[in-house]
Amino acid sequence: MRLRPVENTPEPDYPDYKGFHQDRREFLRRMGMIAGALLAGAAAPGCGKEEPQHLGGEIAVPAPPPPQPPPPQPPPVRLGGAVAPPDPALLPPDEPNIAGGLRAPHEPGEGDLKEPPEAPKEEPK
Amino acid sequence: MNITLVLTHDCNLRCRYCYAGKKWHKPMTWDVAKRALDLAFGEPSPWMDLSFFGGEPLIEFGLLKRALAYAKEQAAARGVLLRPQLTTNGTMLTEEVVEYVAAENILLGLSLDGCREAHEATRPGCGGASSFDAVVAGLDRVLARGLRVEVIAVVDPANVRWLAQSVAFLADRRVPRISLNPNFTGKWTDGAAAELERQYRLVADDYVARYRAGRPMWVNVIDGKIISRLKKGFCERDKCGFGVREIAVAPGGNLYPCERLVGEDTDEAIRMGNVFDGIDRAKQAEYRRLTGNSDPECAKCALRNRCMNWCACTNYSLTGAIDRAGGIVCFHEQLAIREADRAAALLFEAGQPEFLKRQYHVEAVPCA
Numbered sequence: 002m003r004l005r006p007v008e009n010t011p012e013p014d015y016p017d018y019k020g021f022h023q024d025r026r027e028f029l030r031r032m033g034m035i036a037g038a039l040l041a042g043a044a045a046p047g048c049g050k051e052e053p054q055h056l057g058g059e060i061a062v063p064a065p066p067p068p069q070p071p072p073p074q075p076p077p078v079r080l081g082g083a084v085a086p087p088d089p090a091l092l093p094p095d096e097p098n099i100a101g102g103l104r105a106p107h108e109p110g111e112g113d114l115k116e117p118p119e120a121p122k123e124e125p126k
Numbered sequence: 102m103n104i105t106l107v108l109t110h111d112c113n114l115r116c117r118y119c120y121a122g123k124k125w126h127k128p129m130t131w132d133v134a135k136r137a138l139d140l141a142f143g144e145p146s147p148w149m150d151l152s153f154f155g156g157e158p159l160i161e162f163g164l165l166k167r168a169l170a171y172a173k174e175q176a177a178a179r180g181v182l183l184r185p186q187l188t189t190n191g192t193m194l195t196e197e198v199v200e201y202v203a204a205e206n207i208l209l210g211l212s213l214d215g216c217r218e219a220h221e222a223t224r225p226g227c228g229g230a231s232s233f234d235a236v237v238a239g240l241d242r243v244l245a246r247g248l249r250v251e252v253i254a255v256v257d258p259a260n261v262r263w264l265a266q267s268v269a270f271l272a273d274r275r276v277p278r279i280s281l282n283p284n285f286t287g288k289w290t291d292g293a294a295a296e297l298e299r300q301y302r303l304v305a306d307d308y309v310a311r312y313r314a315g316r317p318m319w320v321n322v323i324d325g326k327i328i329s330r331l332k333k334g335f336c337e338r339d340k341c342g343f344g345v346r347e348i349a350v351a352p353g354g355n356l357y358p359c360e361r362l363v364g365e366d367t368d369e370a371i372r373m374g375n376v377f378d379g380i381d382r383a384k385q386a387e388y389r390r391l392t393g394n395s396d397p398e399c400a401k402c403a404l405r406n407r408c409m410n411w412c413a414c415t416n417y418s419l420t421g422a423i424d425r426a427g428g429i430v431c432f433h434e435q436l437a438i439r440e441a442d443r444a445a446a447l448l449f450e451a452g453q454p455e456f457l458k459r460q461y462h463v464e465a466v467p468c469a
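Those protein sequences? They're chains A and B, same order as listed. Using the working numbering, the first residue of the first sequence is number 2, and each one after it goes up by one. Using the working numbering, the first residue of the second sequence is number 102, and each one after it goes up by one.
Each hint should be verified, as a subset may be incorrect.
No more than 25 Å apart at the CA atoms, straight line, and that leaves these computed lysine to aspartate or glutamate pairs for DMTMM-like [as the list claims (entries may be wrong)]: (1) B:Lys458 with A:Asp24; (2) B:Lys333 with B:Glu455; (3) B:Lys333 with A:Glu12; (4) B:Lys333 with A:Asp14; (5) A:Lys19 with B:Glu464; (6) B:Lys166 with B:Glu197; (7) B:Lys123 with B:Asp368; (8) B:Lys166 with B:Glu218; (9) A:Lys19 with B:Glu455; (10) B:Lys333 with B:Glu464; (11) B:Lys384 with B:Glu365; (12) A:Lys19 with B:Glu337; (13) B:Lys401 with A:Asp14; (14) B:Lys333 with A:Glu8; (15) B:Lys333 with A:Glu108; (16) B:Lys401 with A:Asp24; (17) B:Lys401 with A:Asp17; (18) B:Lys458 with A:Glu108; (19) B:Lys401 with A:Glu8; (20) A:Lys19 with A:Glu108; (21) B:Lys123 with B:Glu365; (22) B:Lys288 with B:Glu200; (23) B:Lys124 with A:Asp24; (24) A:Lys19 with B:Asp241; (25) B:Lys333 with A:Asp17; (26) B:Lys458 with A:Asp14; (27) B:Lys458 with A:Glu27; (28) B:Lys288 with B:Asp424; (29) B:Lys333 with A:Asp24; (30) B:Lys458 with A:Glu12; (31) B:Lys458 with A:Glu8; (32) B:Lys123 with B:Asp111; (33) B:Lys127 with B:Glu365.
If you're looking for bench data, these hints aren't it; they were derived computationally from the structure.
Using the sequences plus the hints, can you model the full thing?
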């Protein structure tokens, strides 16, 4: 049984992993700003609460900073006799593939970083 | 590196779709097993998945234990991460075996085609007797002991009508991972393919319903295709290392690029050396070069990165070429992707917390 290839890219109604987390970070950032603004408003004069002491120019309640990526790590130093950490591309799959079983892709992870989806091979001329 | 030791051709079942061929009593010798392990440990790899396969590998339980003990010694001496696994038909999972599997932290692949009707249609014992009760008893022992197990259910034209019922049976037993393996080489008539389509739809519906009920299940053809969408396709690490990162050893010592191709150990075209003379490096280079898919029709397809069209052993069995897909693979992959996406979209739209936690690794997502 041979089907026709699917020519139009189907866009299922759920985001990929990267898109989801980008959207979520942006959403959390906005929520943080709103929360900060609300708290600042609540602490403003006339709200019936004791006004906290501020230095000139200080923002009352800053919005929580967006999560920062970890600082870049220096490349590992290989000492004499020491075993260098394996290249992520050489890491074993998170869960071994069962012999005789159908392969399923592993969750997005470190070992995927260097491996974009396979591009189709060119038809030999 | 993944090495699979096919400990014996012998088996106590007579599955109708078995690709292993005749069930003669020709077990692997200790000499072959040791040479195979030495060969594997000689390959540069920081990790090793050691699989025991058959026939039914537990028929040679003594050899299995000896081989694993030796592999553990070698791994410890070389600083290699060793991960043992065993694919079994489940009929010989006695208390003694289960205790051993637990002690050695072996990952189990247990073959059970689902509910009684489905299993009995395809996996009879010698003489035609049912193996269902023995296998389920073994599975229950394994689940009670809390072992890591994946149930492999072969989907065949002869049992496809019970597929959704079978998945439900396994999910109700709290099997942690359900792996549906379509028998691509089976006789898939139009009627059988239509039934497969109907059953996958029911499986996807059940998948959604179980999430909603707070009892999610894991099914490879649904979860795998969702993950393939989330990460935009299979990466190299997901694919089998056909003859390069993966080698199977026949009981007699011949080497094959995949355990599924050992069969009766007669296919010289695909064989790639033996444990006595070593790996045929020219063959290995050829497999490295060819692995993937070179079908121009596939290259045009928008689903190519989410498709199993690279599965070399399936391709070889269907078309004789390891880089050309055939049979119902295209139909199956389009169907699985469609149903997986339908289920995922429903769960995402509902903001189902367990689904978001599993697939996107978040504890809670505020409503947008």
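Verification of the supplied hints:
1. B:Lys458 with A:Asp24: Measuring from Cα to Cα gives roughly 16 Å; hence the hint holds.
2. B:Lys333 with B:Glu455: OK: B:Lys333 and B:Glu455 at ~22 Å, within 25 Å.
3. B:Lys333 with A:Glu12: Roughly 11 Å between the alpha carbons, so the hint for B:Lys333 and A:Glu12 holds.
4. B:Lys333 with A:Asp14: Given that 25 Å is the threshold and the Cα spacing comes to 14 Å, the pair holds.
5. A:Lys19 with B:Glu464: 17 Å, holds
6. B:Lys166 with B:Glu197: 12 Å, holds
7. B:Lys123 with B:Asp368: Holds. B:Lys123 to B:Asp368 sits at ~14 Å (cutoff 25 Å).
8. B:Lys166 with B:Glu218: 34 Å, violated
9. A:Lys19 with B:Glu455: Holds, at roughly 19 Å.
10. B:Lys333 with B:Glu464: Holds - the C-alpha atoms of B:Glu464 and B:Lys333 are around 23 Å apart, at most 25 Å.
11. B:Lys384 with B:Glu365: Cα-Cα ~20 Å, so holds.
12. A:Lys19 with B:Glu337: It holds: about 19 Å lies between the C-alpha atoms, which stays within 25 Å.
13. B:Lys401 with A:Asp14: 23 Å, holds
14. B:Lys333 with A:Glu8: 17 Å, holds
15. B:Lys333 with A:Glu108: 11 Å, holds
16. B:Lys401 with A:Asp24: 30 Å, violated
17. B:Lys401 with A:Asp17: 22 Å, holds
18. B:Lys458 with A:Glu108: 12 Å, holds
19. B:Lys401 with A:Glu8: At roughly 7 Å apart (the allowed maximum being 25 Å), A:Glu8 and B:Lys401 satisfy the hint.
20. A:Lys19 with A:Glu108: Since the Cα atoms of A:Lys19 and A:Glu108 sit roughly 12 Å apart, the hinted pair holds (cutoff 25 Å).
21. B:Lys123 with B:Glu365: Answer holds: B:Lys123 to B:Glu365 is near 6 Å, not above 25 Å.
22. B:Lys288 with B:Glu200: Not satisfied, since the Cα-Cα distance of roughly 40 Å exceeds 25 Å.
23. B:Lys124 with A:Asp24: Violated: B:Lys124 and A:Asp24 sit about 56 Å apart, past 25 Å.
24. A:Lys19 with B:Asp241: With Cα atoms ~39 Å apart, A:Lys19 and B:Asp241 exceed 25 Å; violated.
25. B:Lys333 with A:Asp17: Distance of about 7 Å is within 25 Å: holds.
26. B:Lys458 with A:Asp14: Between B:Lys458 and A:Asp14 the Cα gap is close to 18 Å, so the pair holds against 25 Å.
27. B:Lys458 with A:Glu27: Measuring from Cα to Cα gives roughly 19 Å; hence the hint holds.
28. B:Lys288 with B:Asp424: Between B:Lys288 and B:Asp424 the Cα gap is close to 22 Å, so the pair holds against 25 Å.
29. B:Lys333 with A:Asp24: 17 Å, holds
30. B:Lys458 with A:Glu12: 22 Å, holds
31. B:Lys458 with A:Glu8: 32 Å, violated
32. B:Lys123 with B:Asp111: Distance of about 8 Å is within 25 Å: holds.
33. B:Lys127 with B:Glu365: 11 Å, holds
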